[in-house]
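For chain C, the structure is supplied; the task is to place chain G on it using the hints.
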Amino acid sequence: MNPLGLYEPGTGPLHRLPAGPKLAGVMVVVTLAVVTGEPVALAGLLAAVALGYAVARVPGRRVWRLLRTALPLVALVFAVQALLLGLPAAATAALRLAVAIGVATLFTLTTRVDAVVGAVERGLGPLRRFGVRPDRVGLLVGLTVAAVGTLAGIAAEVRAAAKARGAERSVVAFAAPFLVRTLRHADRLGEALTARGWGDEPDRPGPSS
Amino acid sequence: MIEFEGVGHRYGDREVLADVTLALPEKRVAFVGANGSGKSTLARTVNGLVLPTSGRVLVDGLDTARRGAEVRRRVGFVFTDPDSQIVMPTAGEDVAFSLRRAGLGRAERARRAAEVLAEHGLAGYADHPAHQLSGGQKQLLALCGMLALDPDVLVCDEPTTLLDLRNKRRFVDLLSGLRQQVVLVTHDLDLLDGFERVVVVDGGRVVADDEPAPALRHYRALAG
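Line by line, the protein sequences give chains C and G.
For the first sequence, the UniProt record's numbering assigns the number 1 to the initial residue and increments by one for each residue that follows.
For the second sequence, the UniProt record's numbering assigns the number 1 to the initial residue and increments by one for each residue that follows.
Bound-form chain C, shown alone (with noise of 0.2 Å):
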């Protein structure tokens, strides 16, 4: 299971508010989590993201998978920064990227990827006369978002399988069946994607949301 994706649904002010102001939001957060070098801000920035989880009330399960993939992650580049760098890099760093995963992950948590699909796809819609084409860049977001728990899910089970051979700690047992099953998984999404008539339709109207 991916603990960073994932939608977890409910009913909070963060769940209702669209998708394209949220995500603006977002994009806000991470700016200001990068201009600012002033751990004590950053600090604040990454309370005001805690406040978040508060207000869309995030189930406490899904808070402690964040924390257990995030804070090793966080702990590990703070300490990296310390010995090359000293403490005020560090704490600026690890708070940093503390505030850009919890952030994202809120974004996720609060969004289904339907509403960000669709987001993206209203957001890029004035490019169009540019030759962008709005609904295929929102389908990227969207697979790429489901990528993350389909290639996850082909992982453990590589390792499983590695494991019940013996083959743990070989990296080409890993690797080799990993690449041949995410190939093989992109070439029947690509067939699933043109029986759903993606890529066909030259005479569609563009998508409304």
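Hints are computed from structural coordinates only; laboratory data are not their basis.
A portion of the hints provided could be inaccurate.
Said to hold, decoys possible - A short, non-exhaustive set of chain C residues, derived as facing chain G with CB atoms under 10 Å: (1) 138; (2) 145; (3) 191.
Glycine included, C-beta positions come from ideal geometry on N, C-alpha and C.
This is chain G only, laid out in the frame that chain C set:
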């Protein structure tokens, strides 16, 4: 009406279909054959996923090679492995994804999707993560993704291979109630009650084409 006119197909040097000529007006048609017999390739020519290297395939008189988009609007396709055709994270979104093409608004799509799910035994699963459904439910979801588009023909490529006996039965019962013309590729021979015509494919050729009982006798004889 699905028509194959002298259809042949090669992957490189390997001939997988040769000289298939059939007209299929029946509501319930099955393609039966061993692994590698060419039956899946034949099924894939119906919606233009595979274009024949010789001959042509017509659906309601439309050539799949030249009018593929129109053909695919009439022909839905259900694959063996639902995991590769479910593209969105939740069941409702996946069905809504099909409806995107119909140009419906988001709320209308979600409503239609929930309706289609409910009609086919997945009521209340709209917000459920698609990949946590059971195998049988996933295949139902894949079917819903197609039925939402209301095609006239439904091609199913071994849709029950990964299902247990109960889910197999359920899936086939559901198929039998559909208004669509159904082309079922399978080697589950006991699922073919109610089928009007069985086409047996072997080595890329049609070797029997009959009512289920005589066709299946032929198939069993082939298997030796």
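Verification of the supplied hints:
Hint on residue 138(C) holds. Least Cβ distance to chain G is approximately 9 Å, under the 10 Å limit. Given hint, residue 145(C) at the interface with chain G, holds; its Cβ is 7 Å from that chain's nearest Cβ, closer than 10 Å. With its C-beta approaching chain G no nearer than about 6 Å, residue 191(C) sits inside the 10 Å limit, and its interface hint holds.
When each numbered hint is compared with the structure, no violation occurs for any of them.
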